[in-house]
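Colleague: Residue numbers (our numbering), protein chains in the order written: chain A, 1 to 276; chain B, 1001 to 1331.
Worth flagging that the hints you see were computed from the coordinates, not collected in a lab. Note that the coordinates shown come from a computational prediction; the quantities given were computed from them, not determined experimentally. Using N, Cα and C, we set each Cβ at its ideal position, and we do this for glycine too. There could be a bad hint or two in this list.
[Stated by the list, open to error] Computed far set for chain A versus chain B, every beta-carbon distance over 10 angstroms: (1) L29; (2) I32; (3) L109; (4) V121; (5) T220; (6) G259; (7) F261.
[To be verified] Calculated lysine to any residue pairs in the SDA-like style (CA-CA distance at most 20 angstroms, straight line): (8) K1074/B / S183/A; (9) K164/A / F1081/B; (10) K1094/B / V194/A.
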Amino acid sequence: MARKTTTATKTLVTALAWGLGFLIFFPILWTILMSFHSEGDAIKSPFEMLLSPWSFESYAEVQTRSNYALHFFNSVVISVGSTLLALVIAVPAAWSMAFVPGKKTKDLLMWMLSTKMMPAVGVLIPMYLGFKNMGLLDSLTGLVAVMTLINLPIVVWMLYTYFKEIPGEILEAARMEGASLRSEILYVLTPMAVPGIASTMLLNVILAWNESFWTLQLTTHDAAPLTQFIASYSSPEGLFYAKLSAASTMAIAPILILGWFSQKQLVRGLTFGAVK
Amino acid sequence: MGKITLNAVRKSFGEVDVIPSIDLSIEDGEFVVFVGPSGCGKSTLLRLIAGLEDVTSGAIAIDGTDATELPPAKRGLAMVFQSYALYPHMSVRKNIAFPLKMAGMSAQQQEAKVQAAAKVLNLGAYLDRRPGQLSGGQRQRVAIGRAIVREPKAFLFDEPLSNLDAALRVSMRQEITELHQSLKTTMIYVTHDQVEAMTMADKIVVLNAGRIEQVGSPLTLYEKPANTFVAGFIGSPKMNLITGAAAQAEGAATIGIRPEHLDIVSDGGWEGTVGLSEHLGSDTFLKVATDAVGVVNVRAGGEVTLRHGDRVRLAPRQGKLHRFGADGRAL
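Input sequences plus hints: build the corresponding full structure.
Modeller: Structure follows, in structure tokens:
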């Protein structure tokens, strides 16, 4: 029997959901609103700020003070590069874990995930020194490598869950019908896993784009992505509210747009396997 | 050609011996059915023949050449899976053509073969559909089509009809039998359904706990079961197996009598009370609690009007009694 819902409870639940949604979105909204006002107006009371005239001066200021294009380019290279690299490693790894599991496969998966439970700051000193000695500080190569390694467990896990959903009999059928390992992966497995691979990619790009511990610690200028660009406007002295907001808005806009257009794919990816 | 020989084939998963040791010879063109209860190792045996599992020891020969170490693709066998295992992202045409594409056949040849298979299997109208848009029976046909186009040495079927409804199962069963008659290719068919085994097979292999209990034609198994397991497994309703004084009187540990070989008589025999009576029109199935031999199943004619609580006398038909020793083997 379907559960009974009255119009009143429906309205209440809908209102609550909208309220909660607004609450979550509010900081982003406020950042955007603040970015369109002058520094002086931004520190006024919220109500006064909203009534004060709108201006683009913060955006103009940010553009002249820093090189947005460079940071944007770095962010793209780091997030997309690390994602592609992680996929190249993770697809074969997940394939073998899903279809030819050994006795220790489960333990291996758990161990990989456990690395995500360690606070990053715990390995900051050895990582920093290692980077320094290898001359990788403030280099895209170094950051792509770090980002790849940080997100690899999640990528392997996601792909593993996807591959697990593909019935083994289909791959066996391909094997019976004369497909080599290469053809099996190329013509059967990959086309069936495309939605899974796509949403894994999307999620990983977003994670890498927003990562702000290692990007802040290991870069200064040349390889600095948008997180560093935002952080450069966070200062204990001087008036930087509006500029900080403008920088933040510019930094999150690309990923927000990407997320908006791919939300269907993302939701499907994150809930995949939950319901058969 | 499609002669398959198993020589002392053993398969164990870790500590567990799923198949202790099997010797079996399957002749070219034969329709062989592996039958047994679930978990008896029949699917594993099929997968060993297919090459999807590696044998632990022993040898498998196909047409006289050793195939034990050959990968599945090199064995020249085609398999139809229980779940059909169609490629969901390909059209029916591409599904059927897949093995041909893997064999490097030209597009024209592929199309000709697909058309021929589609004609045999009545799939012509569905070639551009995806498997998801087909009914269970049609999917089954596509899976068979994919097997046919390869012109394999033998077809392997792993419980292919178990996902279909009862009516469709009967018609697909007949289609597969007709296919065998026209292709005359060796077929190995795995099922737990003894009706499928009896109706389709040239030769039935009855398996239990990884061991072959008996190999023979359907009628041989029905008339001369080698042991109590085969006696109880083959035939529907099941054979009545009776122990105790009645068996000792026949000089056996167990006697068996099929429900259809128990006659209702006016005097003598075993007297009892009808517990359950099922009238199917053509037949009447009775469950009778006898005083001498316990509860027995009886298959009587449709005209029998006995009801719950009626008293009845039953006598085994002359020459239809099976006798088994203490080890379960037929005497």
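Colleague: Taking the numbered hints from earlier one at a time, note which ones the structure violates and give those numbers from smallest to largest.
Modeller: none
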